[in-house]
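Keeping their order, the protein sequence lines are chains X and L. Using the working numbering, the letters of the first sequence correspond one by one to residues 1 to 340. Using the working numbering, the letters of the second sequence correspond one by one to residues 1 to 336.
Just to be clear, a hint being listed does not mean it is correct.
[Stated by the list, open to error] Partner residues are not named here, just some residues of chain L that face chain X (Cβ under 8 Å, in silico):
| hint | residue |
| --- | --- |
| 1 | Ile33 |
| 2 | Leu129 |
| 3 | Tyr130 |
| 4 | Leu132 |
| 5 | Pro133 |
| 6 | Pro138 |
| 7 | Thr143 |
| 8 | Ala271 |
| 9 | Ala292 |
| 10 | Ala309 |
No lab work stands behind these hints: they were computed from the structure. Glycine included, every Cβ here is placed at the ideal spot set by N, Cα and C.
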Amino acid sequence: MSTLVPASTPSKGNPLVRFLNMNTSGHTSGRNLPLWRQLLLQIVCILILCSVMFPIMYIVTLSFSSKTTRPSSLELFPKEISLVAYQQVLDHPTGNPVTFTELLRNSITLSVGVGLVALLIAVTAAYAFSRFNFKMREVLMVLVFIPLLMPAIGLATPLYLLLNNFRIVDCGKDITAFMPLFACDEGVRGKLIFNLRDSLLGVGIAITAGALPFAIWNLKGYLDTIPKELEEAAAIDGADANQTFWKIILPLAAPQLAVTFFLGFIGHWQEFVTSWLFLSQPKDYTLAMTLYNMTGQYASSIPWNRFAAMAVIVALPVAFVYIALQKQIVGGLTTGGVKG
Amino acid sequence: MELAKKQTRKAKIQRNMLPYYYLVPAFLIMGVITFYPLIYQVIISFTNFETQHLLLGLKSPELEFVGLKNYIDIFTGALPVENFNFFRVLEFNFWWAISNVFFHVPAGVLIAVILNTEGLWGKRIYRALYILPVVVPPIVVATVWRNIFDEQYGAMNQFLTAITTFFGQTDVVRIRWLTEFKPPIPGFLPGAPLTLAYYSMMIANFWLGWPFMAVVATGALQSIPKDLYEAASIDGATGSQQFWNITVPLIRPAMIPAAVYGFTISFNLFAFVFFMTGGGPARSTEILVTFAYNLVRNLRWFGVAAAFAVIIFFIALVVLLITNRITRATQNISEA
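Just chain L, with the same shape it has in the complex (with noise of 0.2 Å):
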């Protein structure tokens, strides 16, 4: 009776521990290669940590500890770095996730809506071929409109020659689409000037984004049912009435979680901003991603790029608490 009883009660406790068994493999490798990665990066955020410290590490006698200087540096904008002021690039960086998301979503319900039309021809095909731009890499999307926007024999230039041309004007087009530093619309974005090249990187992220916004856009209206629809013509509602009042309220709660997963997604583009304009000219479309790339890869300032990893970190944790709130918010609505 004892026996059994103490019998029971290890194997109780075998059970108890068995989450435990199947957690150690991934928790002992994070361990060494992300959480204490992570730790010790918090710590040389303090360090003036820089190429003649890389052999002995936080061994090394000159290391200093310069407790908040980094971070300071960072905010005030005393890093020696041409052109870096850290609030003008966070201003860019969240203005560029917005108003990415600001085309990507409308025109991609839009194109949807489109495609969803009864009796359209060649439904099929469209659908298809629109969903190439998802399929293809992000870097080489980059580096192939990087070249179309170039200065003398881009596509983008030669095919508005070809358009002038059509028209009687005899000129070569020189737009100077990712070198121009003078922005075409002064002013438009207070603080961070607009260049040329964050045009062209709407452009080519435009492309880029939509089809995915469509894909999600089809699935919502697959979803509405279609006598709501001939209800509402019945009772004389137009098309863009019944576009407002019923397709626009009952994709809401599809749209604004991909408008979320797409915000987050242009908040962090490192390779596309990367391969595409390098941040340049003089730091015009810099986001926070690419600056801490350009201070440890090109300026190997250890110590201040493992401070601005860290301020990312905490402005990722903000977008995160804040966009969880409207998609749950939006989840709310939906179930109400």
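This is chain X alone, in the form it adopts within the complex (with noise of 0.2 Å):
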């Protein structure tokens, strides 16, 4: 394709396709590389490739041994494949009484629910802030993205004390007390069922409150580079401000909606801050903390070949939706998140 462009004319796309796709060969200007130079040259990308691939093929090649003790020496080229750390990492993960599955469906539950929370609040604001001019306009737009200058952290402490209020707790005789609102009579410890701040809502909602400010930037800046034409246009042919967002603009934007959503996904799949410092019963762990709990000086139990499969596991969806999406990811990064 890039034959039929000129060479000097500024190809367009988005950096990763021309990062892939770079080839401009078409267009040498006669001067071929010397052998010399290529071989040189051969040498340095194949350096360069071995520090690549160095720690994926260590890790892949102890993922599919099924020695349980420790590496004695280097190995980067699988000499068996044996899925027993799969099957183990599969089967019963860590010491903690969870399983694989639960694992996964709080990782899921946490990543998808949140991504598609956050969309949805967000994307009406995104299209106030891109089309409408009006008072404090500037002033509303500064305040939601002041709290993505808060680290994760930062967010997440206040959270953790105020979710902590909302308790369900069993006073015995039958009574059961939905705290703050109602609490057991005087005297009465109760026994606690429920606790917002130590559950899987109680993370998603905090998650949610540091991804809102990200998806409405993110949007907005893609909104932006729809044409206003487009809406003129539908003003003319009658329709209101409230048809032109359903029917023109939401349908232009579902993709930027996909890849904002799938960004979150990325993102939300590796949160470590909140999760582990909200969560205490191993039946609402995740994948990462897991991952975690499975490295360092609280893990000398665990062999490392099957710490090595649980990090392909964990590392498999993220690099699987960012090779399918490379395109969009890149592009929606470089319209919504640079420029604002």
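Can you join these two chains into the complex? Each is in its own frame, and there are hints to help.
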């Protein structure tokens, strides 16, 4: 395709595509690469390739190993393809009483749930910021983007304290109290049934709090690029602002909605700050938390082949989404993110 | 006539109100779960909020308003935490972010230039594979590298052992990458010791970081007209002269925002640092966000942690204002 385009034209499209498909060799100015330079560059490229592949090959090899002892020598190519480690991880990931299915379900619930909810809430606000001129627009926009400056832990701490107040307590005698609205009688301690802070719902709320500004920012950046003429044409045809939003803008923004959702998914899949702070029961743990549990000082009993298998499993969905949507994701980051 | 006027006025008011209707859902929810908690955070940053106040919160009778004590304690290092000095952590945090960008950007540009060489064999394969580090989630990268740098079983020491054995040494290499406290180059960064763990993190983050810069640099390289190079070579400019006088100035407008982006990402790279070293050894690789996390998660000093988060917020604000200025300045140059 690039052979049809003069080499001097800056190629359009997103950077990743250009990075992968760049082929301007159809426009050589007649200079051929001398052999010695070709060989020199090949050596450099192969050395870089080795450094890139080193950790990947290392972990993949480890995950296919059936040895439960720690590696005593360096192996970068699998000598055996054993799925024992994967089987063990799927069967019983850690010493905690939690199954892989539960971990997976928790991770998916959080990443998909938060992604969808944030999108749903953000889209109308992004539309308002992108398309209307109203009093306080600047002020409100700054207000929305202020939380982006706060690190995740800065938002998680107060939410930890606030959500901790929402509990369901069994006071005995068939009385259930919904705190903070109703509490048990004075002096009765009761049995804690549910604590919003210590639940996936609570974690989801806390992550959504941080995800909203980003979703609004990202979507607004994209909506800004949709030409105004389309709406003007719709207005001439008699559509009111609501119809324009639902029938013109939303369908046009659909690709970007998907990109924002998947960017969120990639981020929330790895979410650790909030879930590690909030959750105390193993049944609520996510895959990212489990991966953390499998390294370091607390993990001396976990064979490395199992850790490696877990690392591959955690990485795969993100890698898959990234590769499937690379065009849109990098394009989305550059249209939405950078220009703001 | 009157009625029609009234109706259009009503419609106008309605139209003026419309953007606010669209903002209501987001602001309602953000008000409850984002803005209110942030204000709450500022309030408790002036208190001695700890675990015993969890149940009653601000209504807790023993909760004391301690004024600026938390802030003063953080700045003066009066917190009863071992090896904590706010300004050392701050200095290390900036150094960490800057030194990362310092390596990632030139490496990314250099590799992009190499891959841009006309007639290079296997270009597409290299490009497809070099992108892999971008695709792997950082938490996985950090845990994998943590194991690679393991003192006893890690791949790095085994790799070095293989090399030394090749040169006739029989000793097994046992470098304590992540636990050795003695800095290999003492006094390299005055005030903040750079332990081996820092260099290990630099290596791992280098692996993770340069491919993104290479992607950006490739995009910028593609947009440089080829005739510029042809004209230059007719005028007798050497390869390196062409690089410094054509390539560098023309990709600068794309690379500076990318460098700024890399800086902000590295500055708050929580999961990577936490998963790889946890801030150790002896808090030498602690950055602001990991320290804030330790205050909440391990020490449970909610009041102090809140004050710390407020401080980070203002540091991030200053960083944003500076980086914004840099980005805008480069935009003006590229437009002029």
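Using Cβ atoms only, decide whether Tyr130 of chain L comes closer than 8 Å to chain X, and label the hint accordingly. holds (6 Å)
For the hint on Ala292 of chain L, just tell me whether its beta-carbon gets within less than 8 Å of chain X. holds (5 Å)
Given hint Pro133 of chain L near chain X, where the shortest CB pair must fall under 8 Å: OK, holds: Pro133 of chain L within 8 Å of chain X, min 6 Å.
For the hint on Leu129 of chain L, does the least C-beta distance to chain X fall short of 8 Å? The hint holds - Leu129 of chain L has a Cβ within 8 Å of chain X, the shortest such distance being about 6 Å.
Holds or violated: the hint that Ala271 of chain L contacts chain X, with Cβ atoms closer than 8 Å. Where the cut-off is 8 Å and the nearest Cβ of chain X is about 5 Å from Ala271 of chain L, the hint holds.
Supplied contact hint for Ala309 of chain L, tested at 8 Å Cβ to chain X: Nearest chain X Cβ about 3 Å off; hint holds.
So, as I understand it, the hint says Leu132 of chain L touches chain X; can you test that by seeing if any CB pair is closer than 8 Å? Interface hint status for Leu132 of chain L: holds (6 Å vs cutoff 8 Å).
Verify the interface restraint on Pro138 of chain L: the C-beta must sit less than 8 Å from at least one C-beta of chain X. Holds, about 7 Å.
Tell me if the interface restraint on Ile33 of chain L is satisfied: Cβ within less than 8 Å of some Cβ in chain X. holds (4 Å)
Against chain X, is Thr143 of chain L within 8 Å by beta-carbon distance? holds (5 Å)
Every hint from the earlier list agrees with this structure, and none is contradicted.
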